[in-house]
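Enquirer: With chain C held as given, fit chain E onto it using these hints.
There are 2 protein chains.
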Amino acid sequence: MKPLKIGMIGFGTVGGGVAKILLGEAERITRRAGRPIELRRVAVRDLNKARDIDLPPGVLTDRIADIVDDPEIELAVQLMGGTDPAREVMLSLLSAGKDVVTANKALLCEHGAELFAHARELGRSIAFEASVAGGIPIIANVCCALAGNQITSLSAILNGTSNFILTEMADKEESYGDVLRRAQELGYAEADPAMDVDGTDAAQKLVILTLLAFGTAVSLSQFPCTGIDSLELDDLKCADELGYVVKLLAVARLHDGKLELHVSPTLVRKHLPLADVQGAFNAVKVTGDAVGETWFSGQGAGQLPTASAVLADIIDMAVGRAQLTFKTLVLPGEGAEYEVQPIDDIVSKFYLRFNALDRPHVLADITDILGRNGISIASVVQHESPEVQNGKEPPVPVFIMTHRTTEGKMRAAEAELNRLDSLHSPCVRMSVAE
Amino acid sequence: MKPLKIGMIGFGTVGGGVAKILLGEAERITRRAGRPIELRRVAVRDLNKARDIDLPPGVLTDRIADIVDDPEIELAVQLMGGTDPAREVMLSLLSAGKDVVTANKALLCEHGAELFAHARELGRSIAFEASVAGGIPIIANVCCALAGNQITSLSAILNGTSNFILTEMADKEESYGDVLRRAQELGYAEADPAMDVDGTDAAQKLVILTLLAFGTAVSLSQFPCTGIDSLELDDLKCADELGYVVKLLAVARLHDGKLELHVSPTLVRKHLPLADVQGAFNAVKVTGDAVGETWFSGQGAGQLPTASAVLADIIDMAVGRAQLTFKTLVLPGEGAEYEVQPIDDIVSKFYLRFNALDRPHVLADITDILGRNGISIASVVQHESPEVQNGKEPPVPVFIMTHRTTEGKMRAAEAELNRLDSLHSPCVRMSVAE
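Protein sequence lines correspond, in order, to chains C and E. Numbering (this note's numbering) for the first sequence: 17 to 450. Numbering (this note's numbering) for the second sequence: 17 to 450.
Don't read these hints as lab results, they were simulated from the structure. Treat the hints with care, since some could be wrong.
[What the hints assert, rightly or not] Stretches of chain C that chain E covers, calculated by requiring three or more beta carbons in the stretch to come under 8 angstroms of a beta carbon on chain E: (1) 31-44; (2) 150-156; (3) 159-166; (4) 193-200; (5) 331-344.
All residues carry an ideal CB built from backbone N, CA and C; glycine is no exception.
So here's chain C without its partners, still in its complex pose (with noise of 0.2 angstroms):
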């Protein structure tokens, strides 16, 4: 049968697995895609640069024109990161009569829709496994295999290191920083970490899922995103005293006929399925109305796991099933729609953390503000402050727990908290699951 024939654009650990794959198990791949897939062209910025994978000769080059002009691809893997020239390089294939493959999350997160409709437009499809949660094939698991429920919730730790950080402190009882540097140090974190601590990689994955599973392009100003880069060893002991796990947990449900979406670290109850989810794993949980909870798990990043989740959206390009799904996609403006439930009015019940100074009348000050915003208390601890330390005193960490309440009261009675003198440093706060 006639070889698809491929063009991979970025070829850095996930292109290199993705060929590894490719040429080493050609066989199988052309059984399962029902026909050979031929890894024609492959793009990258600098031929002179060792790799650990060798192409066939002339396969190389480092002109990505030469994949958007060569008749014969059909389809382009397209693996390169960030929005610009991403953006433009994915429009040109698709103008050019190409299929594309990525992984790119920052690329859908923002232009998603767009890129979306303008491959309708040309009758060229899009494939996106590798974009979220790295090996577990949740897009294929949202948009076809739980097509038959309206989806209600997903809830989900879609950000690996992240996780692996919060495991790790839990475990070794190590600080933020101590544990940061050693994932750096074994690669489970980037040289410049922010978009994964701050929320931002898990927000823009979180854009993703919304749009396939309600039909709804959001953005990430629309909702709250918090990271982990706030949180201290003494969160995660208070939440396994209290009998929880912290986790990074982005959610998105249908509350009240509105979209409710966030993202923030999250206490939730020891040995519930999420709170069971060590290192560098993923999980999503899917509620649907007529299949109930369900639970999807697996690597979130890493060579190979990703390039499963690519090679899965390749093979489903060769046999043409990725073409009839990316035509079934329900797109905003083809379905119902929702609206995303505002800021102020999304309901929590919270972990507050204060440093205090230890003077007279700080946890008065701190328990008006809550109750003059309307935040009732569920439980407090202090203990007893440290002994004076050269000369200084320690701040003292006084931990809250509140009823139900909403984003808007905390974040006014937030703003209050942190202009009070008597704090060391902001008040640091987590949602918790219920």
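Expert: Relative to chain C, chain E alone:
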């Protein structure tokens, strides 16, 4: 767009759920399927039976021929159980030019390879998501979403009734018999629960997964299958003390190039994901050579979860995906097939419980038999014997954990052990997951 006209054979719990969603959520299903799905005929045995869902007039029939012979019906949803006449009905549906969606695991376990080959010859397709693990879309994930991988191992909880009984026994410290009766009252267990609790149901599902993941057709006689029906509360308590929970595990894995298969109650380390699967939930751990470990979990039975799986197949048929998937399934004779590891060669650690009479030399007899069969003992627990009750000396439970040994040695030893006069009942055996 032209509607897809379907005929449904069987209108029990699952069929009712499918009809409820098709009729109640027609707009949503149409959007996902790209065209309307019309439930044209539903064949039942008894037209007069009361049903909790109203079908449009003229839909209900008591003649399967009304579906087989209707040229307008392109897709049959075959929800009858058992193999006879289900096999003949499926053959006649395929011969009449219809694609088939089925939930019948017994049929596919026994005749899957034949039916699939027959459908291929006729250019027809079969989809069967609902035959394994209820609402968990495990068939789609094994066949499509993980297609870039060679699956190397499947380890699964596939029988919800058994898992419900084991969970309740452990949580409420109730006997097997008491929980089974309650499960029957609640509708979680059939009036005749034999196929569920003796492991057959899980083994049938394992046969289907093995066909898909390893392209190898196996029969139930080729691998050991033990149920939970000889377990006592003592076994679960002993497992708990040792740091384990008991799960009925179905396992298929490549081992030295051979396929190791078994279904047995198994000690799983506490807090591993499979150990935390509660109640009637199912779970499947799939290991692939690229993706590593992935987990899928959800409700293993029930009206709407199973209907969710049937609807995924119906939508896939309407879209055309299911036909492409069926074409690319690598069936026996089409790819790498694996030899099944001989039963006697399967290696495991075992847990053994003996109900021994409190006599001299009992433990010596047991350990002598194990030793002569080459089985070495990792640990022994025997508590002081209970008080004499009603003048009768109650049997004393003796628990033994072995080191790794083979099924063959274990079976030989068991045969000898069960001839000992000093045992009150046959030895109970479980595997220990590593």
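Enquirer: Is the coverage entry for the stretch 193-200 of chain C by chain E consistent with the three-residue Cβ rule at 8 angstroms?
Expert: violated (count 0)
Enquirer: Quick check: the stretch 331-344 of chain C, covered by chain E? Criterion 3+ residues, Cβ under 8 angstroms.
Expert: With 9 residues close enough to chain E, the hint holds.
Enquirer: Count the residues of the stretch 31-44 of chain C with a beta-carbon closer than 8 angstroms to any beta-carbon of chain E: does the count reach three?
Expert: Per the Cβ count (4), the hint holds.
Enquirer: Count residues of the stretch 159-166 of chain C with a Cβ under 8 angstroms from any Cβ of chain E, then say if the count reaches three.
Expert: The restraint on the stretch 159-166 of chain C holds, since 7 of its residues have a Cβ under 8 angstroms from chain E and three suffice.
Enquirer: Three residues or more, CB to CB closer than 8 angstroms: is that satisfied between the stretch 150-156 of chain C and chain E?
Expert: Coverage by chain E holds here, the residue count being 4 at a Cβ distance below 8 angstroms.
In this structure, only the earlier hint numbered 4 is contradicted, and the remaining ones agree with it.
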